[in-house]
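Participant: If you want the building blocks of each chain, they are given just below.
Protein chains: 2
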Amino acid sequence: MVVERVVLAARPEGSAGLEHFRLEQVDRPAPAEGEVLVEVSHLSLDPYMRGRMSDAKSYAEPVAVGAVMTGQGVGRVLESRTEGFAEGDLVTGRTGWQSHAVLPATELRKIDPSLPPSSALGVLGMPGFTGWVGLNKYGRPKTGETLVVAAATGPVGAMVGQLAKRAGMRTVAIAGGAEKCRIAQETFGFDSAIDHRAFDNVKDLRAAIAAAAPDGVDVYFENVGGDVLRAVLPLLNTHARVPVIGTIAWYEGASNDGPDTLPALWRQVLVKRLSIQGLIIFDHWNDFPAFLDMLKGGYLGKQVVAL
Amino acid sequence: MVVERVVLAARPEGSAGLEHFRLEQVDRPAPAEGEVLVEVSHLSLDPYMRGRMSDAKSYAEPVAVGAVMTGQGVGRVLESRTEGFAEGDLVTGRTGWQSHAVLPATELRKIDPSLPPSSALGVLGMPGFTGWVGLNKYGRPKTGETLVVAAATGPVGAMVGQLAKRAGMRTVAIAGGAEKCRIAQETFGFDSAIDHRAFDNVKDLRAAIAAAAPDGVDVYFENVGGDVLRAVLPLLNTHARVPVIGTIAWYEGASNDGPDTLPALWRQVLVKRLSIQGLIIFDHWNDFPAFLDMLKGGYLGKQVVAL
Numbered sequence: 001m002v003v004e005r006v007v008l009a010a011r012p013e014g015s016a017g018l019e020h021f022r023l024e025q026v027d028r029p030a031p032a033e034g035e036v037l038v039e040v041s042h043l044s045l046d047p048y049m050r051g052r053m054s055d056a057k058s059y060a061e062p063v064a065v066g067a068v069m070t071g072q073g074v075g076r077v078l079e080s081r082t083e084g085f086a087e088g089d090l091v092t093g094r095t096g097w098q099s100h101a102v103l104p105a106t107e108l109r110k111i112d113p114s115l116p117p118s119s120a121l122g123v124l125g126m127p128g129f130t131g132w133v134g135l136n137k138y139g140r141p142k143t144g145e146t147l148v149v150a151a152a153t154g155p156v157g158a159m160v161g162q163l164a165k166r167a168g169m170r171t172v173a174i175a176g177g178a179e180k181c182r183i184a185q186e187t188f189g190f191d192s193a194i195d196h197r198a199f200d201n202v203k204d205l206r207a208a209i210a211a212a213a214p215d216g217v218d219v220y221f222e223n224v225g226g227d228v229l230r231a232v233l234p235l236l237n238t239h240a241r242v243p244v245i246g247t248i249a250w251y252e253g254a255s256n257d258g259p260d261t262l263p264a265l266w267r268q269v270l271v272k273r274l275s276i277q278g279l280i281i282f283d284h285w286n287d288f289p290a291f292l293d294m295l296k297g298g299y300l301g302k303q304v305v306a307l
Numbered sequence: 001m002v003v004e005r006v007v008l009a010a011r012p013e014g015s016a017g018l019e020h021f022r023l024e025q026v027d028r029p030a031p032a033e034g035e036v037l038v039e040v041s042h043l044s045l046d047p048y049m050r051g052r053m054s055d056a057k058s059y060a061e062p063v064a065v066g067a068v069m070t071g072q073g074v075g076r077v078l079e080s081r082t083e084g085f086a087e088g089d090l091v092t093g094r095t096g097w098q099s100h101a102v103l104p105a106t107e108l109r110k111i112d113p114s115l116p117p118s119s120a121l122g123v124l125g126m127p128g129f130t131g132w133v134g135l136n137k138y139g140r141p142k143t144g145e146t147l148v149v150a151a152a153t154g155p156v157g158a159m160v161g162q163l164a165k166r167a168g169m170r171t172v173a174i175a176g177g178a179e180k181c182r183i184a185q186e187t188f189g190f191d192s193a194i195d196h197r198a199f200d201n202v203k204d205l206r207a208a209i210a211a212a213a214p215d216g217v218d219v220y221f222e223n224v225g226g227d228v229l230r231a232v233l234p235l236l237n238t239h240a241r242v243p244v245i246g247t248i249a250w251y252e253g254a255s256n257d258g259p260d261t262l263p264a265l266w267r268q269v270l271v272k273r274l275s276i277q278g279l280i281i282f283d284h285w286n287d288f289p290a291f292l293d294m295l296k297g298g299y300l301g302k303q304v305v306a307l
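Protein chains in written order, with my numbering: chain A, 1 to 307; chain B, 1 to 307.
It is possible that some hints are incorrect.
Any copy will do: because identical chains look the same in the list, a pair fits if it lies in one copy or spans two.
[To be verified] Mimicking SDA-like on lysine to any residue, the simulated pairs with C-alpha atoms at most 20 Å apart in a straight line are: (1) Lys137 <-> His239; (2) Lys57 <-> Asp215; (3) Lys57 <-> Gly14; (4) Lys57 <-> Ile248; (5) Lys137 <-> Glu4; (6) Lys272 <-> Glu61; (7) Lys137 <-> Ser275; (8) Lys296 <-> Ser114; (9) Lys57 <-> Leu235; (10) Lys272 <-> Met49; (11) Lys272 <-> Ala254.
Keep in mind the hints are simulated off the structure, nothing from the lab.
Next comes chain A alone, as it looks inside the complex:
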């Protein structure tokens, strides 16, 4: 009766690789009163995890070297020592990267067994919820306006694109590779999709986005930073909104090579009266039930596709 688990073996500089992790076996723990033992079937792999591998000051504590890598998971209850959960229940919680986890009942949530279990980690979980909050609270979509989102086939981008389309926006996907671009349009209904890998400089990428957004960009849903940000900035319209939920392009280190582009950004903020708003989803969990209700209220499997 062992637990297989992945621990952080060393802090990566630059790209994270297998050498920064270690597979361990330990004895399976027993749940105490009020706790639940879960057999984990699905693990999430999210961009924010790169931040947890680093000890740079951030909004959350880093994972300690030698500790189980953090992350959301889905699994079945093997043993419950609380009334709210029973053996066999399908649940989600912050299990970490391991085969079995003991968690307090207060940190677990039952999920609908009629849906794909992985959806609780994607479009129906933290990433989808982040897209919903960011778009509605800070993106403020309006009919006839144009939205651009990168990583458009990820669960955040896919959710944002579908909600924006439903709100009457023109939607422009940015994704890496022809296959993802095809999925963005065919599965998620983006009006157009741009393969950023097809461009080796910001100017050409910008021209492609401009062609797909002939009326300019009203909402740039920011999850990548880097060249996509640089390409989009001059295309923003007056009163454009920029929810910032991630900067994936810079998670493994950002180049500070000049020129300094902050003054140009700041001028855009003023002249175009931009609204830029950072978002970390744990400020918004109170709204999660409303999000699930919204999806149940006719979206799921219709307007919103859960991969």
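Let chain A serve as the given structure and place chain B on it in line with the hints.
Facilitator: Showing chain B alone in chain A's frame:
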């Protein structure tokens, strides 16, 4: 019967100087039906005017070379061809830099003759209104929080500081020179004042601000950009708000010398969930009557000092 007027003679590169303007005399125009002839007694000199001297794309058209320099003024009605105004009325409007102006009645506003006429161009005019809108709509002051504003003895900064103080905030002024710092504290009631000229590098300026804001900065009311922005950024608290109403430090050209500081800003936006909002006051004129009402309702000459 002539009009003396200042026209833009050439577009400045870098600092604007006398050589970019020319004094002219022209015949005094007569008002047409619906227009008013004003003898101008007070002219405003505002940072935004540097933008009008440039033909870089912005939110407003540049002043044409050879045209009267734009700007708000105060004066008395010499001749009225409309019912709403009579000879002798004290008015304000976009007169431009000239001794006399003919304006449509719809573009003039009568002002209270019991107040200093220049106040209509300062704390009771566009700048004061900008401070009020920026602080209340986008700064969202809260008791016990800390505000930092530069150019603190200007009409925007002075208004912002006084309103923030009244809202229960700790207020930190940044100004140029000991005399302005004294005025910021003694006249406008800032809790502390920092002379940015006393520092020749961002790090030391930052240390001085940090000492005056021991709990960090919750509202950075941005009107300067440049080194003050760079100094304040790392001091911003989680959920800090940054209304951006001007970037004076960069109006005569910003250095793009590296390193590129945009990635660091963007990380702060995300990690601290910053709210950055650009503001151009002409989007908000509908609220101007409420602003004047607020000042009349007991503020003027009590909490709010109009220089």
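Participant: At most 20 Å between alpha carbons: which applies to Lys272 and Glu61, within, between, both or neither?
Facilitator: For Lys272 and Glu61, the Cα distance is within 20 Å only across copies (14 Å; inside one copy 36 Å).
Participant: Quick one: Lys272 to Met49, C-alpha cut-off 20 Å, is that within a copy, between copies, both, or neither?
Facilitator: Classified as between; 17 Å across copies, 34 Å inside a copy.
Participant: Reference check for the pair Lys137 and His239, CA-CA at most 20 Å: within, between, both, or neither?
Facilitator: Answer is both: 15 Å inside a copy and 15 Å across each meet the 20 Å cutoff.
Participant: If the cutoff is 20 Å on CA atoms, where do Lys137 and Glu4 land: within, between, both or neither? Let me know, please.
Facilitator: neither (40 Å within a copy, 52 Å between copies)
Participant: Is it within, between, both or neither when you check Lys57 against Asp215 at 20 Å Cα-Cα?
Facilitator: This pair counts as between: shortest inter-copy Cα distance 17 Å, intra-copy 39 Å.
Participant: With identical chains, the pair Lys296 and Ser114 could be close in the same copy or across copies; at 20 Å between alpha carbons, which is it: within, between, both, or neither?
Facilitator: within (12 Å within a copy, 63 Å between copies)
Participant: Measure nothing new, just compare the shortest in-copy and cross-copy C-alpha distances for Lys57 and Ile248 to 20 Å and report within, between, both or neither.
Facilitator: within (17 Å within a copy, 31 Å between copies)
Participant: Can you give me the call for Lys137 and Ser275, within, between, both or neither, at a CA distance of at most 20 Å?
Facilitator: Answer is both: 12 Å inside a copy and 12 Å across each meet the 20 Å cutoff.
Participant: Reference check for the pair Lys57 and Leu235, CA-CA at most 20 Å: within, between, both, or neither?
Facilitator: Cα proximity of Lys57 and Leu235: across copies only (13 Å, versus 32 Å in one copy).
Participant: How would you classify Lys57 and Gly14 at a CA-CA limit of 20 Å: within, between, both, or neither?
Facilitator: within (16 Å within a copy, 39 Å between copies)
Participant: Could you place Lys272 and Ala254 in one of the four classes (within, between, both, neither) given a Cα distance threshold of 20 Å?
Facilitator: between (26 Å within a copy, 18 Å between copies)
Going through the hint list in order, the structure does not satisfy hint 5, though it satisfies all others.
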